[in-house]
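*Asks:* Here is how the chains run, residue by residue.
Protein chains: 4
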Amino acid sequence: MEYHDSPEARELAERARAFMDEVVIPTERDLLAGGPFTEDLVDELRAEARERDVYCPQIDEEHGGMGHEFADVLPLFEEAGRSLLGATAMRVDAPDEGNMHTIELVGTEAQKEEYLEPLVAGEIRSGFSMTEPRDGAGSDPKMMRTTATKDGDEWVIDGHKWWTTQGDEADFFIVMARTDVDAHPYEGTSLFLVDADADGVEIVEPTPHLGQSMIPESHAEIRYDGVRVSEDALLGTENMGFVHAQQRLGPARLTHCMRFTGMATRALTIAKTYMDDREAFDSTLAEKQAQRYAIADMETRLHAVRTMVRHAARQISAGEEARIPVSMSKVFAANTTQEAVDLSIQCCGGPGMSRKLPLADFYDAVRAFRIVDGADEVHKRVIARDAFDEANVRPEELANLPTF
Amino acid sequence: MEYHDSPEARELAERARAFMDEVVIPTERDLLAGGPFTEDLVDELRAEARERDVYCPQIDEEHGGMGHEFADVLPLFEEAGRSLLGATAMRVDAPDEGNMHTIELVGTEAQKEEYLEPLVAGEIRSGFSMTEPRDGAGSDPKMMRTTATKDGDEWVIDGHKWWTTQGDEADFFIVMARTDVDAHPYEGTSLFLVDADADGVEIVEPTPHLGQSMIPESHAEIRYDGVRVSEDALLGTENMGFVHAQQRLGPARLTHCMRFTGMATRALTIAKTYMDDREAFDSTLAEKQAQRYAIADMETRLHAVRTMVRHAARQISAGEEARIPVSMSKVFAANTTQEAVDLSIQCCGGPGMSRKLPLADFYDAVRAFRIVDGADEVHKRVIARDAFDEANVRPEELANLPTF
Amino acid sequence: MEYHDSPEARELAERARAFMDEVVIPTERDLLAGGPFTEDLVDELRAEARERDVYCPQIDEEHGGMGHEFADVLPLFEEAGRSLLGATAMRVDAPDEGNMHTIELVGTEAQKEEYLEPLVAGEIRSGFSMTEPRDGAGSDPKMMRTTATKDGDEWVIDGHKWWTTQGDEADFFIVMARTDVDAHPYEGTSLFLVDADADGVEIVEPTPHLGQSMIPESHAEIRYDGVRVSEDALLGTENMGFVHAQQRLGPARLTHCMRFTGMATRALTIAKTYMDDREAFDSTLAEKQAQRYAIADMETRLHAVRTMVRHAARQISAGEEARIPVSMSKVFAANTTQEAVDLSIQCCGGPGMSRKLPLADFYDAVRAFRIVDGADEVHKRVIARDAFDEANVRPEELANLPTF
Amino acid sequence: MEYHDSPEARELAERARAFMDEVVIPTERDLLAGGPFTEDLVDELRAEARERDVYCPQIDEEHGGMGHEFADVLPLFEEAGRSLLGATAMRVDAPDEGNMHTIELVGTEAQKEEYLEPLVAGEIRSGFSMTEPRDGAGSDPKMMRTTATKDGDEWVIDGHKWWTTQGDEADFFIVMARTDVDAHPYEGTSLFLVDADADGVEIVEPTPHLGQSMIPESHAEIRYDGVRVSEDALLGTENMGFVHAQQRLGPARLTHCMRFTGMATRALTIAKTYMDDREAFDSTLAEKQAQRYAIADMETRLHAVRTMVRHAARQISAGEEARIPVSMSKVFAANTTQEAVDLSIQCCGGPGMSRKLPLADFYDAVRAFRIVDGADEVHKRVIARDAFDEANVRPEELANLPTF
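Residue numbers (this note's numbering), protein chains in the order written: chain Z, 6 to 409; chain C, 6 to 409; chain X, 6 to 409; chain U, 6 to 409.
Source of the hints: derived by calculation from the structure; they are not laboratory data. Heads up, a few of these hints could be off.
Said to hold, decoys possible - Facing chain X, a subset of chain U residues (Cβ under 10 Å, in silico):
#, residue
1, His249
2, Thr278
3, Tyr298
4, His384
Said to hold, decoys possible - Output of the computed footprint for chain Z on chain C, the stretches with three or more beta carbons under 8 Å from beta carbons of chain Z:
#, stretch
5, 32 to 45
6, 149 to 162
7, 301 to 309
8, 320 to 333
Just so it is clear, CB atoms sit at the ideal spot from N, CA and C, and this is done for glycine as well.
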């Protein structure tokens, strides 16, 4: 299908597609057959990605990336999503990708040198430390309890975070903390760069969770107990933490949409291949209409995701906030891709549940998408508020109804 | 929401929006309150539409229209769909709109003068006579049994049609008939212009059906018994009837998508207004989350329709067939708009079922959309065939699975 | 399928089945072909129903019925539902059936003689006047504004009702009015028997609505303006109106479930017959797997309705309130039957939309079921309240989660 | 909710409920907090189950069970399903439970002594070896390729099986093999008892799959290469293997329905507890209507499962085949329980994905249910065939439609 992307976008996606087919997916197949996941393997994949000009395309050249426009990178994200190894290989893997984006956007030159460039190079890793345990910040970030208090030219961070992706492996964290407890949290919260080995940072424990089979990555519980950082550790503007988080999230949600669309598309390809190969009741499964049509539905909805995401990206590129189209894309994509993966498993029967195919790993991994980066319910809340805006309510429509 | 339409498209839509709000919807309200639907009323609406420059925008100026590009007219179609009277008022009403399009596309100058121009002017009406009774052409048009046989310089048409929209009111029909019975139907069928008062044309009876409450239009059963027409009655190229029908249907399906999207959007507006007004269990219905979120889902899916339709229109404007994106848009739009209307009724409770609001009429009218212009199942068939194309089947994906 | 009903229930259902197949459905077919609906036709159907021992089976013999137990009549209701004429023919038609039930349950001997017996005989008709216009009682009956004030040995009724089924045709109404405005409405509302020709009763107008094609029945707006009735007009116990309404509704909801299950089953039978007859793309529609499986899903869900309804009826027969199983049955049945009818139309294509088959009428009629007798949302509210009962909340389940 | 079970059934379920709440679920909580799963732990749980009279209730007392009727054990199965450890603890765990049932039903006394009694005692384990790799038996068991050939008074088994549950741990297998290759497979296949250490049995490898987190159980690929067993190893009647498999499957499908219903119910309890505890946007999640209503829907559908399963069990107890009600129960239960678990995760947000709660394990485990014991598609095939039976097709319904 033709999506009217720019020539740059197409070339990038084409290179990514070849890289996936020729390198990443065969590597994944080895892992599924029992091979080990190692740091060396990651390094090899990344070296090959650099070689093929598909490494960190979204970051400026001066910091080690390829300097592409956001909209031009989207199709590559879809390619990358076709294997759980793809984003890692092309260095567009969460949470590092979002963290790089944030530092590039609002960081100082010193911060970029210290954190962004080694991140891009793949020498270090990072975590985004926002979510807190029960009773703290979650879907409702206003409930944040972690604080950063100014003490001379230092900030002292105290708090308790949970579900920090890559928490156990990170070299540093972007920590979100309230810096003006009298203000509304949206106007009194800031971001800080905190080294993982700073005094007072305690990785309580990694939280085992769905989706750790292919890439053994933690989601850690972390305590910040009187952690002191210098003024230079403030990332972006004081008290603007939520604004920066939103700047990070808009594009990040769209890149997630594309990545998971890639996953769903691959899942359907596997299902179609299996159906084409497997016979039952006197014909191949591919000839059975019910699942054929179910797949047609999914292809249709994935097509919808691709047109919605491009629309939202165009809004963002035009400098608009694009909150509603982003929320719509995200909630629609998350539900669609989860269902597409689920359908693919069903079409493959027993093999679909086995870890010989990547579908079982996809099944576990995709489940997060309806929860992270704004749960379905949070996005629906935003969309509904807009839908019930007074401009959309027209009392004259009820004129014919009897009333008291 | 901004959809990046051209300035021409926006201005046209804006004028249409004002026309709907100021003229058409108030007229509809009068009808729902018990006022009569008359020819005079249609004439008045059309005069006002001409006045406001929203009349027949899709037809060339030389034939009485406004000469707009297809893609530029789409947003107007959405506006027109907000009332069942809208398309009639702006003279973009089926089946005349599609028939005008076909004659404009493949008709001779004489045919345009005789049929197209009076159609545009609203002086005559037309039917598209394709569907046949049981055992004849329906979802599978290959089963067509109506024939046209050359006899000297005349064609003799024999057949039995059903479900000809506007059959009882039409001044002429575009009749689809097999002209080469030895060829595959797709390569041996032609279109003919047949006057309703020609000898041998018998309107057997109008078929009562869902959706006749607002505009009393028939879907007739018609027999063609030795109907003789001259060679000049052939519309387009001999034996190319199915190609012409497809040329008609691609854009027509997209305009239907937009019209029904307009209907669904209006339905949701009515629902939101009712919910904002009505209290139950200590708050307004608008404050009840379950239906708010259900509406958010619908708004999301309607947004998806709008981005998909524009994508497909762009393909068509680029001269591509766009069969898959059109089928995807159509099947997705038809299901979405039916559900949106149904949800709107549910949100309005009793009043939703009453004919004091337009929702009950919408409910009946929208049901046709999943059946006409290709039933859901026909579009899924096309989409699935494309999805299972051999390029999408990759045997290497099964390499890890045991086999015999 | 065997549902372990009593021998009485089976025999009754078998007679009803024969009556439907041999008399009612052929009569319906005549109406769909254009025949007129007349009072004589109703009388003939009822005479035949009496002859075949399927007339008013749920009412005691002393009042003109057959004296069957509630649970034994359920399978007959399913049979009756197979045509929109069935309930009328067997005199189990709403709202008269529910009104008969209420008078039989809580009426005085005099009331039974004056109202119940002529109702059973089909000599008079009745309405249940509860719902009020916007701002009054609807889904939330606590908002009731109609009052009945004691004045000597008379009650004076003032109020404004809407959506009173059969309002225009009724000989009397059961009117629900607040009799103790200081009490909570659930404890201060009563039922009254009010003759339609009493002074102060004004039928403002019938409200046109979905579903009037087969049986032309009104849903009227009615004003009660200082209507005086004697003490004997109080139906049941003073201030117990809501309790009586619930006694009426529990069983009535189950009988509705069975009626609409019958409608859905008939709709599917028509769809299967059409699919068996109609060919497209080289095989009959019955051989196309996607719709076959969609029908299998519906059959499954209708089977679920039948087992749920029987379970709830058993609870009611044991003297329990059965509020949760009744609400579950109702909301599940309403959604299932609407979808089954909708699917049947889709399977029939164009003919499904025509009024030559009963499906279009079913489509309009079934839409009410998710709204009347408690909208979906009201039942879900009740079910959710029960589900979140503190007995179902177990804090120890969260023991492993981190917290502040 | 009251389901009209027998007093025996209720007492059994009540004891099981207490056992689950007091012993099994706390043990599960320890495992989720990081404790090890050991054989000792299983032994302790089973000792306690014996103590509390909830051990192997479905097997005759003479073979070590409790001798309860099938229908009376169903509610216990629901209790057991509330934790993945429950079935193991009460010795009603698949595939041993089904294997015990089969041996009890068709085995000889010697077979019962050798295999059934140690199974009941928990001294040995077993596998059911039916499914084969690609191109062999799967959803369509007619495609079976494994054979058993008579050679003197021995049978020689040759074949390749896959997906044999507990394959790596089993002490013996029930192997399904074709014994009359000229007959239709349904009439030429037999069951054999094969010791795991017999010559020619090769466990190729365990197949990693979804759902191994709580109980590390294999699904192995196995080759049978000229495995010789004596005549006494034939289980049941020669060539009646499929009949025996069906006898096993009917009740087994219903017990699975109840087990997974228990899992879904527990998942919803956890979700409700979390929602009751967690706040966001100014109220607890339990007060948010959208998810409350989604839970109400699930409770409704689980209620439907319970009434359907009891209906089917009653049919089976009456000696009927009950194929349709069993298939309906199974496909409906599998989809409902999967959705209930998925919803519960969504309601819990991040914690729902963590393995601190059992939901993530449930999510993986429940995915199998729509595939094993007849995939959805296989059951729909059976239900559809019944629905389109000629008795359900009535040509007179189309009498009003025009035709050629």
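*Asks:* Taking the hints in turn, state whether each one holds.
*Replies:* Against the structure, the hints come out as follows:
1. Residue-level restraint check for histidine 249/U is violated (minimum Cβ-Cβ distance to chain X is 25 Å; threshold 10 Å).
2. Below 10 Å, beta-carbon pairs count as interface contacts, and threonine 278/U has one with chain X at about 5 Å; its hint therefore holds.
3. Proximity of tyrosine 298/U to chain X holds as hinted, the smallest CB-CB distance being about 4 Å (cut-off 10 Å).
4. Restraint check, histidine 384/U versus chain X: the minimum CB separation of about 8 Å is within 10 Å; hint holds.
5. Only residues whose beta carbon comes within less than 8 Å of a beta carbon in chain Z count, and the stretch 32 to 45 of chain C has 3; three or more means the coverage holds.
6. Residues of the stretch 149 to 162 of chain C lying with their CB closer than 8 Å to a CB of chain Z number 0, which falls below the three-residue condition for coverage.
7. Here's how the stretch 301 to 309 of chain C fares: 7 of its residues keep a CB closer than 8 Å to some CB of chain Z, so the rule of at least three is met and the hint holds.
8. For the stretch 320 to 333 of chain C, the proposed coverage by chain Z is satisfied: 5 residues have a C-beta within less than 8 Å of a C-beta in that chain, meeting the threshold of three.
The structure does not agree with the numbered hints 1, 6 stated previously, though it agrees with the rest.
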